[in-house]
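Trainee: Chain by chain, the residues run as shown.
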Amino acid sequence: METILLLLFIFFGGAIFRMFFAGLGAAGRTIVGDGSLSENWNRSMGNFGPFTVRLIDKTVENIDLKMLEIKGMIPTSGGSLDLRVMLRDITDGQENSSPVITLIEHQQLPDNKTFFMNVNLGVIEHGMGIHKWVEMLRIVPMFLIPPHTGKRRIQLVSAIYDHNNEAIWGNTDTYFELDFSGTGYLEQSENDKKARSLTIQLSVAVALADGQLDTSEIDIINKWILKTINVFDDEETKAELGELYQKSYDNAVNPDNNITLSFVTKEMNEYADDNIKYQALSLCYDVMTADGEIATEELNIIKNLSKALNLDYLEVERMRDKKMVDFDTSQISKESIEDILGIDENTSEDQKRKLLREEFKKWNDRLTSLDEGPERDNAQEMINLISEAIQKYK
Amino acid sequence: MGNVIGIDLGTTYSAMSTIDETGRPKIVTNSEGKNITPSCILLTENKLEVGEEARRMLGLDDNTCGRFKREMGKNIKLKLGNKEYSPADLSAVVLKKLKQDAEKSIGEISEAVVTIPANFNNEAREATMDAAKIAGLNVQYIVNEPTAAALYYAFEGGHELGGIYAVYDLGGGTFDISIIQVNGQDVDVIATNGVQVLGGDDFDNIIIEMAKEKYKEVTGETLASEDFTKSNAEEEKKSLSKREKVTVRINRQIIELTKKEFEEKIAYLITQAEMLCESTFDEAKISVSDIKGVFLVGGSTRVPAVLQSVKDTFKQEPISTVNVDEVVSLGAALYAAYKGDKANLNTVQKKAIEQISVTESTSKCFGTEAIVRNEARNSDEVMNTIIIRKGEKIPCEKTSSYFTSHEGQTRIKIKITESVAPEEDMNFVKIIWEGELDLPPDRPAGQELLFTYKYDDNQIMKCKFVDKESGKEKKVELSMANNNSNTASEIEEFLVE
Chain C
110 METILLLLFI FFGGAIFRMF FAGLGAAGRT IVGDGSLSEN WNRSMGNFGP
160 FTVRLIDKTV ENIDLKMLEI KGMIPTSGGS LDLRVMLRDI TDGQENSSPV
210 ITLIEHQQLP DNKTFFMNVN LGVIEHGMGI HKWVEMLRIV PMFLIPPHTG
260 KRRIQLVSAI YDHNNEAIWG NTDTYFELDF SGTGYLEQSE NDKKARSLTI
310 QLSVAVALAD GQLDTSEIDI INKWILKTIN VFDDEETKAE LGELYQKSYD
360 NAVNPDNNIT LSFVTKEMNE YADDNIKYQA LSLCYDVMTA DGEIATEELN
410 IIKNLSKALN LDYLEVERMR DKKMVDFDTS QISKESIEDI LGIDENTSED
460 QKRKLLREEF KKWNDRLTSL DEGPERDNAQ EMINLISEAI QKYK
Chain Y
131 MGNVIGIDLG TTYSAMSTID ETGRPKIVTN SEGKNITPSC ILLTENKLEV
181 GEEARRMLGL DDNTCGRFKR EMGKNIKLKL GNKEYSPADL SAVVLKKLKQ
231 DAEKSIGEIS EAVVTIPANF NNEAREATMD AAKIAGLNVQ YIVNEPTAAA
281 LYYAFEGGHE LGGIYAVYDL GGGTFDISII QVNGQDVDVI ATNGVQVLGG
331 DDFDNIIIEM AKEKYKEVTG ETLASEDFTK SNAEEEKKSL SKREKVTVRI
381 NRQIIELTKK EFEEKIAYLI TQAEMLCEST FDEAKISVSD IKGVFLVGGS
431 TRVPAVLQSV KDTFKQEPIS TVNVDEVVSL GAALYAAYKG DKANLNTVQK
481 KAIEQISVTE STSKCFGTEA IVRNEARNSD EVMNTIIIRK GEKIPCEKTS
531 SYFTSHEGQT RIKIKITESV APEEDMNFVK IIWEGELDLP PDRPAGQELL
581 FTYKYDDNQI MKCKFVDKES GKEKKVELSM ANNNSNTASE IEEFLVE
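Protein sequence lines, in the order shown, are assigned to chains C and Y.
Going left to right, the first sequence walks through residues 110 to 503 as the working numbering numbers them.
Going left to right, the second sequence walks through residues 131 to 627 as the working numbering numbers them.
With the rest of the complex left out, here is chain Y (with noise of 0.2 Å):
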């Protein structure tokens, strides 16, 4: 009987947990004994090591490579001393040093949860899956990090919890807010919505912007991006969450940062966060008032004007009984325990998590391509048509029918698109797969095309496209293409151990 963990996978660090004998979430530490592990990878004589050393060195030279999740699904290559390598093969590399670590720890993983952010698209969900498989991971499962982190709290509610919440979720890199109905220990995801751009790594930014600012006023000179590096200003960041103002040497030169200034320079990226948690109400068609708590997630949620920018936008106190780094891996933790093979866990643990329900609902539209009449410009346009909506809950199944437009048409091009918004125009959603389906000859037009989108509880699409008078059919599963990455065993023979 092996153990199932949670791992949320961050942009800037990264956590573990499992659940123990008696079925609670525990935090799993690394094998420098810390609770979170800097999602970073330094390049040593041929080796890659990952972890804190790496997240001091970076920026500094080639050597070093982080925030690497915010291109997860993206088709590009990143350089780490003379190899390249894809987002979904270094996050591999942070997987696989968490898996080593928690084996030295707690024993045999036999499942593992890793969790996403809220509005990642299909390709960074299938990266995310595909770095797993490469780390060695058994993952059957991906969970939203709102989502883990309301399931924790939610368990740590015991049956306590019931009403609408939020869960207020920002990390090193992404935000997420989502409105969850909590009753006990079930879990019902009603809204989410994310920014992909904005997380400490953004706040961070800001301030090597003051320091080069500052820098350039003392110095008249450019300062040099080594000699304040990123790991230099998460530093500063956090000293200005408790202090007015730091003063910091750089080259023998004394610079000044305040809070006052910093604030006034990320106001514009807790406004992102503000506008969609207005959004969000919206969506889930609730008010305000309507939300009992806010539940924080994500280290960025430490920053003063973040704080009160929610206490702002919620009317409200947040609630924040534990660490917020560590939330979203005990949640998923949960969630590998709640979801997985049942003959892991003993008696006790079943009986803990027996209670547990969580229900996901899409954070994106799905749909295809095609010709659509316009009533405003009295004309036909090829335009975007929605088949399976955002939140609808999931698992979801839904047919939609459409119709060859020329007499003898013996072929359609599909495209399967994925949106956030019901968007109509093409320009506007990604196209995540194209293909063709041949059709009988010497048929009128008109004939009855059945398009079935299928969405599991691991956010996979399936999909089926019949012809229904021939029964002619294509079927499509997009899930865990092995795209642009290195294998496994090339990671392997990287890997410190």
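With the rest of the complex left out, here is chain C (with noise of 0.2 Å):
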């Protein structure tokens, strides 16, 4: 889901940082700082100067911190005032700029991790202004990502927002330097969209482990194709991503181009998240059930990608144990439920009685759970496979 998020900031963000100025009707937040902004409110005109906003920097509790203080003449007519703030990554020029979100949910926009502060200044008459400097807001670095890695510069842009007018008074620039040495939004986009094209690529090489493309595997990767591109709105984007998913399963159906898992595997640990490498497998699961068999070799397949992948054990039986309920077990032979169930062939026949009686275990509790009906009656028969296997054992 935070990967969607993200790559749906990528594709509206002008749009959103237009909103900024338009007068969006975020919540407002309370004013915090040394000396309240009650304290410093004043009317005695002309002697505060232009309105002003810095940036301290200051460390609280070993996190650093970016605070934003202000001082000087409010410009307002008089009004319902609130103070903005957003951030701007202007490293590659303004016109190049992009936003930068942050990982604090109550610094971001209602709709997405755009970085967006809102501070209610309350009610101020025109003439009012602010002594000594005030803090209203901190940043806190370590949460923000800029689109790209490395040494950013960043522009804070402060406004005042005239509720009763409608307008925007005393925007102000302020500037920063972020050190960031994580991945870049607009480079994690990059990277989930090679991440995808190569998950496709993986599901073909599991659909044709057991030799050939079935109609109904096809089907399925189809269908996460249609879905990954759904999730956006603007046709644009679903029409670039359509040619590059497609590009990618051409290449990956075409025998002439030899693609071998251990190249798709690792450029997946290069680009892929742990989050796109589950959903990868997920898929791989369901191209392996669409046809309502188990090849030996999908199931190869599928457990060499989870170690190459560096995939949680927990987690992907999890995922398999899902699966499986799902999937008519009927159709198991008891022959493979041990490649089903993972256990190695090399595993010492005690190590593999032991394994066995682990998932017999674990599918007889989860009988109890479940209610009549097919997920139920895979269920037992995964139990009756087990008991069956676990005989030569014995």
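To be clear, the hints were calculated from the coordinates, so they are not data collected in a lab.
Keep in mind that a hint or two might mislead.
Pairs of lysine-lysine, DSBU-like flavour, derived with a Cα cap of 30 Å [unchecked claim]:
1) LYS431(C) x LYS543(Y)
2) LYS445(Y) x LYS501(C)
3) LYS560(Y) x LYS604(Y)
4) LYS461(C) x LYS520(Y)
5) LYS156(Y) x LYS443(C)
6) LYS156(Y) x LYS481(Y)
7) LYS332(C) x LYS461(C)
8) LYS503(C) x LYS395(Y)
9) LYS501(C) x LYS389(Y)
10) LYS461(C) x LYS415(Y)
11) LYS234(Y) x LYS461(C)
12) LYS543(Y) x LYS432(C)
13) LYS204(Y) x LYS395(Y)
14) LYS431(C) x LYS545(Y)
15) LYS501(C) x LYS342(Y)
16) LYS412(C) x LYS431(C)
17) LYS234(Y) x LYS263(Y)
18) LYS156(Y) x LYS368(Y)
19) LYS431(C) x LYS263(Y)
20) LYS441(Y) x LYS463(C)
21) LYS560(Y) x LYS463(C)
22) LYS503(C) x LYS415(Y)
23) LYS346(Y) x LYS375(Y)
24) LYS545(Y) x LYS443(C)
Owing to the predicted nature of the structure, the values given are computational and were not obtained by experimental measurement.
These two chains come separately, so use the hints to put the complex back together.
Mentor: Spelled out as structure tokens, the structure:
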């Protein structure tokens, strides 16, 4: 979900930035700081100087912060005011600037993760101002994500929004450096596109493991591609991704390309986060069970995949079990049950017996919770298959 | 002063016991003078008849019904004649028959305890209580079958038993294994597990399958179910426990069933019991050498292959001092006296049971659905979280804290879940209650909510959900809901006197 949100942002980021100045009704938040705003208000005309914003570096409980402070004459003709703040990455120039996102929920726009803060200043009359610097909000650099990795130049855009006149006053820019060692969100977006293309190649490899690409398997892969593309609203993006994924599919099914699993998994490890890797494995399981049969070759590929992608064993097991309970297990032969359960053929007989016993216990426990129906029948079938398989190790 | 009875409401047979004037448990025979009563019902001229005649007719037409204990707690109706009954209704008919017979034999019944398999889920437990209520029994307590059996063995052993024992209970429909610490008449259940679909009924089905195969081989025709019924299969199974082979005459054809073939066919079922025993040793954190004795319970332990499996699994000869069909009801009678109103007991009876102490443990986990961080996937996911773990000593009460997930949240959806293992996946838990708790508006995320689950002596759940700051709360008691049942009077109307 997180990745989808990130992707959504990328394609609508410009619109969001415009919305910032268009009077978005974000929730007001409480003013914080050493000296309160009310203590520093005054109305002596002309003695405040211009409205000014500054950032002060501070460390609180070992966390580096940037405190935004304001002082001076509040630029208004009178009315209910908000202070609004947004961050832009201008490392590559203003014309190529991009928003900065944050992981702190209450510092995000309502619909995505773009950094946006709205501080309600109350009703301010014309001529009011602030004598001393007053802290208005805190930015936590460690939770900021710019579009790209490395040393980034960030522009802090602040403005006073007048609710009565629906106008922006005192647009002020402040700048700071952000040294970001993680993956920028635009890079991540590109990585995700690559990872999803690789996912298609993995699923085709599983489908081809038994020597043929079945219609039901193609159908599963196509549905996955459509589902992945359809999270986007704009047709341009859909078309772009559709083309990209179709190309990936065509490459995978073309025998001349000789795409090896080791290459694909290596690429996956480079570009995919864990969430996408699990999604890829889930698709592979769906493809494996699509034709109502489970081939040993398909099982071996999935087993090798989960190892090569460094996936958590318990999580893979959880995913497998979810698939098995939906699969018509009466189609499984007792010879293949050990492969399905991921029991390595080189495991000792004692260990195989122990693993089968654990699987039996697990499915038997689950049977108590499942209602009458196919899922329960499949779980019962798993129990019977395991019971038969274990007899050779008695 | 009325009598207390213990009822073993079995899948294939039921039995009842009481305690005599000296406080010793004894079987109460049915009106036909038998110690056990088939849990089968026959509809004859608008009357429901329970017992041997019904068992013999089982499978012959739509007017007979049996093995409905396996369906307890399920939202289904079973047809008998042209009427439909819930499994609880049909169990109520059997219980009513037992109650009537017991009253004829020993007089008024003041209190009863009904036994259930250890792995019965909450719905099946409730359905059992429901059935007892419909039958007009005053059932204040239910007890797990292996616990009742262990209590009987401990009582009969006087003060001689001490250490860890196993109760191996293979009945008509279910298998239970319990590991129990016994010190004199003090019985403490350490671990319990069960297989819901494993028992004599499955062995009977295998005999039927064997007969069908053989019949086809001999005649080339398909054997009709009315030509070789469950009742016939049960008889042949009993014969195969004593002989190497049996010859069966069906439609003037002779077929031969061998013990060897039967044992090969049931091997995978016996293996299930073996695996569960070994898993239960692990759960109880014991090795097989720690077990001082194995108590046998249930008619299916008479099958030689089962007996051999017990010897192999436990590496010792099992203990079987009484009729394995009766031991659960005998223990249930003791439990009824131990837990029930002592005003129903005379001085000698009170003295006889005063040393008894039974500590049960939960055979299920109870939890709720919540959003939990999945570290492996680096994402937040809806998962099952456990509040009461399996193996907690009963009665028990546990409280866990949860927090609202978003600002301005005015409601939480609550699901009470039940599972044998501490499952995280919501696909593999049973949701036994769903509801909502309204919360005050305009609060930030992270408001603490306290979920308290209380599991009582009767294995009934009571839950409380409290918003800590406002004190708003919701209470739920999961007990004796009368679902899908006919009324007691309807059952009464049909029962044969």
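Trainee: For the pair supplied as a hint, LYS332(C) and LYS461(C), is the alpha-carbon distance within the 30 Å limit?
Mentor: This hinted pair is violated, its Cα atoms lying about 37 Å apart.
Trainee: Straight-line Cα separation of LYS234(Y) and LYS263(Y) no greater than 30 Å?
Mentor: Measuring from Cα to Cα gives roughly 20 Å; hence the hint holds.
Trainee: Can you confirm whether the C-alpha distance between LYS445(Y) and LYS501(C) stays at or below 30 Å?
Mentor: Status holds; Cα separation ~20 Å.
Trainee: Starting from LYS461(C), check that the Cα of LYS520(Y) is at most 30 Å away, please.
Mentor: Holds. LYS461(C) to LYS520(Y) sits at ~26 Å (cutoff 30 Å).
Trainee: Given the hinted pair LYS156(Y) and LYS368(Y), is their Cα-Cα distance within 30 Å?
Mentor: 26 Å, holds
Trainee: Given the hinted pair LYS156(Y) and LYS481(Y), is their Cα-Cα distance within 30 Å?
Mentor: Measuring from Cα to Cα gives roughly 17 Å; hence the hint holds.
Trainee: Please work out if LYS501(C) and LYS389(Y) have their alpha carbons no farther apart than 30 Å.
Mentor: Answer holds: LYS501(C) to LYS389(Y) is near 21 Å, not above 30 Å.
Trainee: Are the Cα positions of LYS412(C) and LYS431(C) separated by 30 Å at most?
Mentor: With Cα atoms ~16 Å apart, LYS412(C) and LYS431(C) stay inside 30 Å; holds.
Trainee: Check whether the Cα positions of LYS545(Y) and LYS443(C) lie no farther apart than 30 Å.
Mentor: Since the Cα atoms of LYS545(Y) and LYS443(C) sit roughly 37 Å apart, the hinted pair is violated (cutoff 30 Å).
Trainee: Are the Cα atoms of LYS503(C) and LYS415(Y) separated by 30 Å or less?
Mentor: Judged against 30 Å, a Cα distance of about 22 Å means the pair holds.
Trainee: Take the C-alpha atoms of LYS431(C) and LYS545(Y), compute the straight-line distance between them, and say whether it is at most 30 Å.
Mentor: This hinted pair holds, its Cα atoms lying about 20 Å apart.
Trainee: Given the hint that LYS501(C) pairs with LYS342(Y), test it: the Cα-Cα distance must not exceed 30 Å.
Mentor: 27 Å, holds
Comparing the model with each earlier hint shows violations of hints 5, 7, 11, 19 and 24; every other hint is respected.
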